[in-house]
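Residue numbers (UniProt numbering), protein chains in the order written: chain A, 1 to 228; chain B, 1 to 218; chain C, 1 to 171; chain D, 1 to 901.
One or more hints might be untrue.
Stated by the list, open to error - Chain A stretches covered by chain D per the calculated footprint, using a threshold of three residues with CB under 8 Å from any CB of chain D:
no.	stretch
1	47–60
2	109–123
3	133–139
No wet-lab data here; the hints were simulated from the structure. Bear in mind the structure is a predicted one, so any value in this text is a computation, not a measurement. Backbone N, C-alpha and C define an ideal beta-carbon position, used for all residues, glycine too.
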Amino acid sequence: MICNSFKVCIVLLSIVLVSLPNANGQSESNRELYDIEGTVMLPNLTTSWLAETVIQLKGGEAVGFLRKNGSFLISKVPSGSYIVEVVNPNYVYEPIRVEINSKGKYRARKVNYIQSSHVHQMPYPLEFVNYMPAKYFYTREQWKVTDFLFNSMVLTMVLPLLAILVLPKLMNDPETKKEMEQLTNLKHDMPEMSEMITSFFTGNTPTAEKQKEKTKAIKSSKKSNKNN
Amino acid sequence: MMHYKLIFLFCSVLSGIYCSDTSYDSISDVYLEHELIPNAGFTKRSSILVNLESRNDVVSTTTINDSDIQLLKQLASKNELYRLKVTVRTLSGKETRFLTFTRACLIVGSKLNDILTLHLDHLDSPFAVNLATTSNNCNSFNELDTSNFTTTVFFRRPESSPVPDTATYIQKMERERDAREKGKSSNNKSMLGKYWMYILPLVIFMMIAGASNPEARQ
Amino acid sequence: MTTVKSKTFKWSLDFTRNKHEKSTDNVSPPGYSQLAGQNGTELTRDSESSRLIIKKSWDLALGPLKQVPMNLFIMYMAGNSISIFPIMMVGMLIVRPVKALFTLQTTFKTIEGTQAWGQKFIFFIGNCVNIVLALYKCQSMGLLPTHASDWLAFINQPTRMEYSGGGFVLS
Amino acid sequence: MVSKLIYAALLSSFLFTVNGLYEDQAGKFDWKQDYVGEVKFSSIDVDVTTKRLYVATEKNVVASLAIDTGDIIWRQILEKGPEGSVELIHPTKSKIITVSGVDVIKVRGWDVKDGYLHFEWSTESSYALYLFVFNGLLHNVYYSNNLIAVDTYHLETGVKGKATYTFPAHWFSGSDRCALSSGSLACLDVDGKLNIGSLIKSNTDRLGLDMIGDKIEAIPGSPIPAFIVTNKNVEKLVYVKENKILVRSSTSRSSSFIYTYMADRQYLLQISSPMQDTIVTEGSILEDSTVIESLSSKESKSSLKISNPRISSAFCGRSKANTVNCVALVSTQDQSLMLLKMPGSIKWHREESLTNIINVEFVDLPVSDIEAAIEKEFGNKESFLDHSVSTGAFSMFVRRLFSQLQQLRTLFATVLGIIESPSETTGTKSNLVRDQFGLHKIIVTVTSAGKIFGIDNLNGEILWSVLLCGVGTFYENRVNGLPSAPMHLQRNSKHLSYSPMCTLLLKSEKIQFVYIYPINGESKNGVTQVPYRVVQAVPLPVLNIEMVRSLILFDSSNSPHLYPADTPLSSKPPPLYIYIANPTNGLLQGFTVNVPISGKELSAKEVWKTQFNKPTQIIAIGSRDAMEHVHSQGRVLSDRSVLYKYINPNMVAILTLAPDTTHKSVLTLHLLDAVSGIIIYSVVHKRASHPIHLVHSENWLLCSYYNDKTRRTEIASYELYDGNQLSNSSDFSSVGGSLIPPIVEKQAYILPGFLQAMKPTITEKGITSKHILMATTTGHLLEVPWAFLDPRRPLGEPKEEGAIPYIPELPMPSESMINYNKSLMRVDGIYTTPSSLESTCLVFVYGLDLFYTRVAPSKTFDVLKEDFDYLVIIIVTHILLISAYVTKNLASQKALKQAWK
């Protein structure tokens, strides 16, 4: 629904615009010519700045130049719709669309290529106020210690190192040591698969008690050794 | 045959896309002349009546005499080019001449089945004619058993240019804006409400750890 | 026995007992335990030793299969992105079993017995499973040339049968 | 809106990092030369504080030049075309006033020092015959109802004078038989009689003289009315002094140019150039024809190549030694500009014809002597035959040793700094050798003034120039009415024993060729004439036995000829098809040409013909660059399947423009197979108008135009695919091949600006991604990745990896403007050529200014970045080495200690 109404809008608008005599339309002998006026805010009002800046109408179809006070005049253009751009090698200005109807009425609006139906009125005579320095260059990346440290590669190398250095310290705690031992004991108590298969294939199964005894014996012997 | 079908499909789709709005001096017939002996001049092949209003592709069959068939076979065996002169006449009698060609062996190899594509400009007047055959067979020119040329005439009109799809883009932007607004409202939920699924396991884990530790101490 | 005592107390030093033992028994060299010796005498029995050999060789044969869960875990952790670590891991996953397969004969050289063939087979299967896993990982990472796009770089530009040229008429 | 900006910023932040410059790279591989164009009017300001020259040129440029060096101090570019053509300049104390325009006269006053605008006024005027300034009033002379009428305006305010003066002008016989000099109009009436009348005061009587002439010219620079009247090749000087007509017979040769200057007396300066490298000046006093010795000189300079010098403006004065000195700004027919000091010499010389480049070619330099020696050693048969070297093993060994010794010597010399490395030295021609990466080339440019230049691409220095004088005229491009100069590099620098050869086609009664040997501009064989009118020239795909790429020439009766004739080819060329397009009547014809290996008895046969309907005009033909390689035959989709590209090497794009009643103008793009004449695809753009630019590369096309309906510049992008199945044949044939049309993907984008030129980058192997270089009217050279113009950019969620979501408006971030603040106005074209580095493409932009740079669309992946830190890598490797050694020692010590324990 929104889409439809939008389309209708566009169509209507385009019809209206088309019906206006266009910029490069039929060259009638008695066509009226109009002047476009405006001012440009300059970063600094030196005279070389004035000379570097050019006002272009519809990609250079007509041009205007800046006077000392930053004002410009584009003289004798037929009615139509134009994009007015401020061209400066170092600064970027927002362009403005100017529409002059056949009765000589001026209307300035923000340039919106995507939503041409969207009218954002601007003052006339034109005022180019918004400018920003053109950033043509990238800044080179500086080498920083933090960049190096937080690099994933470095992190992956450093963290294990830390683990190796710090973990043995933790291990010195006797309780943790014991816990670890318990864990290993647990593992030992689990029946091993290889043993199962061995027993399965060989047939003469040593009894479970025997096994346990054996392990216990080993343990006790160890302990006795310790005591020694 | 496969190619033939594909071309047919393509052409019919194309002709469907374009709808002409101007009543134009429309094409009445297509007059074909071919060259059977290299550089010896063109001889008449057929004349095809065309009705552009019906928007149908035209299929026409013409018989050519045996001597021409023999010449055609000779042309094919020498791997020469088969040139076709096409004269398109309009109702008002205006004539436009075109020239097109293909390899003679293809004409014979496809058993005299050929396709003539008439390219029409935006005003429906022809600007080019292309000749193609229904098969890419270029070997079996001795097995020609027919003397009937079966010609299919297609009409192709230009497509219309793409336009910047601003409408969809604007819709998309609007959708995204709505989504963002929605996201903002959901942001108002407390941190707990949003990240409970991460916080809960952490808390449980901490509790377990805390519970197990004192026991170990004891 | 000492084990009983040590069970009752957390720790204790029994000098008397030690003394007594010392007097009765020969002094054991460090690292030598009587019980271990007793055990050894137990193992001298033929059946027991062969059993152990077989057990040990089964341990060896089952090694690759035991790695499978570990490998699965590694694969899961490595993720499907193509960067240096996942690639290294996948490389290891492939290279290890392949290496093992090539050195199969040397690995089982010391092992003899009735079950040698079966053990070899299990070892082989285990390694194969690992390779398959690694290949699966490669596939999911998109490293296997199984799609048409993987061969795109090898398609040559077709040779021109005809040449063309021209342009606007010069006048 | 904001989100869109963010979106664009995000996109650009990760995609545009590919191209763009760092600040320290500015000027490192690029250069720009500013020009003003062919001088139309000038004025010399010898004031010690300023010392300036003011010029107005044919390029509608007003500029100020330094009198000592010829450098541009300031430059203002007026409107393009007749709207901005300067008709008059008038210097005042603080301002330089220009009058420009045809229907609308615009008067602008520029600051002499900085060039900013002081005032501007304009008036609509019917066709003005003459404009002149007198007494601070602008006089506009026009002819109406058998009267000569003069309107006056105050020059600075534009206030119109009270009344329009009219003069009865029954003797006025059209502007071509009249001349205006300092406010006086001189006309030859119907009988050839001379009449002179002043247009300044309304009451001035007409002066008549019983003198018959058939041609009249005003003598420039004169403060009094002065004319040259020619009657049957006899020149006479006519001037008016105190209301009396005085006549003086001209003493000089008729070829010289005459200029007068009023100092203490009326001086007459004459200048001529009997030869291309010589300037002859003469000075005399107008009244009594006494020759002034100090002003007569003759100067020869071998580097000078000029024809028909004219004095544009001059300044004379008396020196302390009481001799007359003059400085003259001389402009020549070949559009060069120089300051001549009389007596003395040429102070500086500017080649303004470089503003009118009509064709460009980059030519590789020959290899250095050392490399040539190596090449010879392993080289091809010809070189052996040529130099008659024995191929014995011993001599080979000796030669090897010798060349290696030589290499070693140069290496040492370079290291020790005895001789500078060849890339750094400039100027001398011995250093013009090919570098390792093929980055050093010669730019051969043809200008519409008939002057050909060889420019060093690394520093922009003019190495040589050739002036085509009386050889012939250029062809005319019937699409835009400009001269066109078909140039073919027939032999490149790769063939050692042969020198490279560039051939330029010119027309005259008989067609003529000019060979140019492009390294030093000498033409060996000079001019060749052929006895037929050439309508098309196409290079053959094979070389002839002299390593020359022969041309197939079509004469006006469409029969083919080989050039150079009668030289056998090295191999039988494949079937060749040639098409000829006639832009005005819309006729396209295709021919098949049979070229026997002997190069004799060629035959052609018309095989297809296409005829566009009457008002339709062919405005552009877009063919792929002959050097272009397509590396990847398809495109990988998200499911890892392949979409195969439709790459038809014979496909050309034809743009036609037709006026239309409902849509104003209809632009149609046809894709045509140049071999079979088959129209592969056509698409219609309604309400499209100029500026129109077309780019055809690989399997895609871009067409930019101004859409009158939406009032914005749009770029339509087309891409052709074969589909998911690869045709299994390894040969590509256009004749009798399948007629299955390719899949055409299309999309349109909005360009927030206006284009002057558009060109894709090109690299040697085609592996590097493609970027489009766009010159905008705001003076920027934009490098846009093709991915931004891809018609497959997804509208919704991105499906393919790296695909950028569709945004109708193309971003124009300032980072991608590769000419940074070196604005390029009035760009005529962009030329791109590959270097030997796959990553790098050389770019040359021409127009009013010349700009050269190189771009690396996929970054310089094959060379180290120029900011590569050699120091760090050296330090790190050394530290590692040392630490490895130390730890090894420590470890062994420890092991020893352990063993002892």
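Here is what the structure says about each hint:
Counting residues of the stretch 47–60 of chain A whose beta carbon lies closer than 8 Å to any beta carbon of chain D gives 9, which meets the minimum of three for the stated coverage. Only when three residues or more bring their CB closer than 8 Å to a CB of chain D does the claim for the stretch 109–123 of chain A stand; here the count is 4, and the claim holds. Coverage of a stretch by a chain is defined here by at least three residues with a beta carbon nearer than 8 Å to that chain's beta carbons; for the stretch 133–139 of chain A and chain D the count is 6, and the condition holds.
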